[in-house]
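Visitor: We have chain P; now place chain F onto it with these hints.
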Amino acid sequence: MRLLIVEDEPDLARSLARALREDGYAVDVAEDGDEGRFKALENDYDAIILDWMLPVISGLEVLVDLRKKKRTPVLMLTARRAVDQRVEGLNAGADDYLAKPFDLKELRARLRAIIRRSAGEARDQIEIGTVVIDTWGKKITLAGQTVSITAREYALVEYLALRRGKMISRTELYEHLFDENEDSLSNLLDVRVSLVRKKLGADFIVTRRGQGYCIP
Amino acid sequence: MKWPSSSIRTRIQLWHGLLLACILVALGIAAWRLRWNDELRRVDRELNEALSQMHRILGAGRPAAMRGNAGTPSPPEQFTMPPDIAAQIAERGCYYALWTRAGKLVAHSSNAPATLTMPKLESGGTIVTHWRNSGDAREGYVFTPPGECIFAGVSVAQERAAMVRFGWWLVALGGGVLGIGLLVDAWIVRRAIQPVEDIIGAAERISRGHLSARIDSDSASHELKRLTKVLNETFASLDAAFSQQARFSGDVAHELRTPVAVIVTDAQNALERERSAEEYRETIATHLRSAQRMSALIESLLDLAQIQSHTDAAHDPCDLGALTNEVAESLRSLAEQQGITIETSLSPAPCTGNTLQLVQIITNLVSNAIQHNRSGGHVRISSKTEDGRAVLRVENSGPGISPEHLPHIFDRFYRTDASRNRKTGGVGLGLAICKAIADAHGAELTASSQPGASTEFALRMPSSAS
Chain P
1 MRLLIVEDEP DLARSLARAL REDGYAVDVA EDGDEGRFKA LENDYDAIIL DWMLPVISGL
61 EVLVDLRKKK RTPVLMLTAR RAVDQRVEGL NAGADDYLAK PFDLKELRAR LRAIIRRSAG
121 EARDQIEIGT VVIDTWGKKI TLAGQTVSIT AREYALVEYL ALRRGKMISR TELYEHLFDE
181 NEDSLSNLLD VRVSLVRKKL GADFIVTRRG QGYCIP
Chain F
217 MKWPSSSIRT RIQLWHGLLL ACILVALGIA AWRLRWNDEL RRVDRELNEA LSQMHRILGA
277 GRPAAMRGNA GTPSPPEQFT MPPDIAAQIA ERGCYYALWT RAGKLVAHSS NAPATLTMPK
337 LESGGTIVTH WRNSGDAREG YVFTPPGECI FAGVSVAQER AAMVRFGWWL VALGGGVLGI
397 GLLVDAWIVR RAIQPVEDII GAAERISRGH LSARIDSDSA SHELKRLTKV LNETFASLDA
457 AFSQQARFSG DVAHELRTPV AVIVTDAQNA LERERSAEEY RETIATHLRS AQRMSALIES
517 LLDLAQIQSH TDAAHDPCDL GALTNEVAES LRSLAEQQGI TIETSLSPAP CTGNTLQLVQ
577 IITNLVSNAI QHNRSGGHVR ISSKTEDGRA VLRVENSGPG ISPEHLPHIF DRFYRTDASR
637 NRKTGGVGLG LAICKAIADA HGAELTASSQ PGASTEFALR MPSSAS
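Top line first, the protein sequences correspond to chains P and F. My numbering puts the first residue of the first sequence at 1, with every later residue one more than the last. My numbering puts the first residue of the second sequence at 217, with every later residue one more than the last.
Bound-form chain P, shown alone (with noise of 0.2 Å):
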């Protein structure tokens, strides 16, 4: 999952990046509207956590401009806490909205729930033979037992469960499953996808020559 955060104050877009780099999503940075509007329609992130007070153009004209192009769910942050507001952004069509200072849980939460609804997949567990995937745990338990299994790794895991029986090509996952400055040429992804495979069979992944992978 490739999150981007809009958020000026570095501080917190920081503490905020590695606190969701921890959880295996690929997370960008943007300090200003104009940055946030070029990158959220430059990349097809998974979700976009947007913060309403910025510098040259506002998180509102950010959201508008976006939602122009494209359905990316967008998770609003703000300061302010007046009902109006709030109707206004998810009016502009935010899917979520927050207050600051807010919980950390209550945003990742809030997150997973954004983007489970985009993918169309209202629940908290995904079960795919024997295979149960806890979006809300992160965590995946293969014939009742928990399997040790690390952030990225889920990460991939719970992509392609999201959209089970589709071919997804190795672009789209390095778009969604690595930030800018990990390198698509390497071949993070393919070690990533047997290392999967060893803790939850070898079948649990297809790969199909020049198309991609898919959980089927």
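Some hints here could point you the wrong way.
Listed below are several chain P residues computed to face chain F (Cβ distance under 7 Å; list not exhaustive) [as the list claims (entries may be wrong)]:
1. E9
2. L12
3. S15
4. A19
5. A79
6. K100
7. P101
8. L104
Residues of chain F clear of chain P, computed beta-carbon distances all greater than 10 Å [what the hints assert, rightly or not]:
9. A246
10. S268
11. R308
12. I343
13. S511
14. R590
15. P623
16. E672
The hints are simulated quantities; they were obtained by calculation from the structure and are not laboratory data. For clarity, every value in this text was computed on a predicted model and none was experimentally measured. Ideal placement from N, C-alpha and C gives every residue a C-beta, glycine not left out.
Guide: Chain F alone, transformed into the frame defined by chain P:
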């Protein structure tokens, strides 16, 4: 004096009632006296009739020689009342008596009171009828020139009883009029007081927190219309002050939320797992920066509150030029670090003001000019006296302020896009503090800008003569 009720309505009604009662009592007394005097005059006429009849008879019985000579009185030792005259007198209900000069009762009617005594001689010579009241009787008497006393009286017990009835009738009538008067008065007073009640109602609604409540000024009478207008204006400015205060509190909360969000997010994330010493150091440094930002905000808020609540801070004569020179020198190294040159052209500009506050305003203006500048730019500071007023100008080569932001830059927490970036570090109160200081000094603080080229702030102190 302690009133049973402090309500204006009650007081006005009490006064009106008192006044009406006094008028009614005075009228009643006058009416009663008039009627009684009428009665007495009627009685007196009848007595006079009897007296003159007796006087004529007395004169007829006297020798002719004596009639012409008043000086040598010869009182009759005997006098007989002719029966027809006596009957006439008795018919009127009167009684009579006649005394000789020596005081001897020579004739009296049978119905005369037994205790009747001769009145004291009051005036000799002229014939004057004297009147007196004796118990229930009205009596009149005349001394003839020779010295006899002709006396007639009548009982007025019936008349007195009638007057008592009349008195009660007056009391009843007066009470009725007073009662009706008070009712009518209550209605009039209530109508007259109604606008005051409206004002009280509105004031009560406002005191309960409905700050937008106003008095309906259409129903008020002319005098109260002005009061209503003044009160409505007062309420409106109170309302505005309160909502401004509420907005300000909201802004403060908003400004505090971001650093708090940083601390909460960063701390929660740091505590999620074991971290390296380097990571902990970074977390603590982040928290310190947030705490410092909150501290700076609090300091600025306190400054602002102090300037606004202590407008009576000591004002001394000082030189705006010299103060500016001190500030410019202390900020020169900071400017140089950012590649900005400070150019000064400072002439003495005497004025009156609070030195500490003036230093603060100059510092804020100059550091703003350094911060919002292009690298390699300049800050020009000048001071001089214009039309008897000390004037300070701070001009920079910064990006300028676009016209739509210019009217708002002195508002608290107002940030233009260019200055909103957290990297510049401000809390959004610097110019608001400058404005508050200028206001406290009665000075003018204005800003003008050519977007993309320069911005100039000008502080014009009031004329030192005033």
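Visitor: All hints, please: hold or fail.
Guide: Here is how each hint holds up against the structure:
no. : hint : in the structure
1   : E9   : 5 Å, holds
2   : L12  : 5 Å, holds
3   : S15  : 4 Å, holds
4   : A19  : 4 Å, holds
5   : A79  : 4 Å, holds
6   : K100 : 4 Å, holds
7   : P101 : 4 Å, holds
8   : L104 : 4 Å, holds
9   : A246 : 77 Å, holds
10  : S268 : 109 Å, holds
11  : R308 : 104 Å, holds
12  : I343 : 110 Å, holds
13  : S511 : 15 Å, holds
14  : R590 : 17 Å, holds
15  : P623 : 20 Å, holds
16  : E672 : 24 Å, holds
Figure legend: structure checked against the earlier numbered hints; every hint is met.
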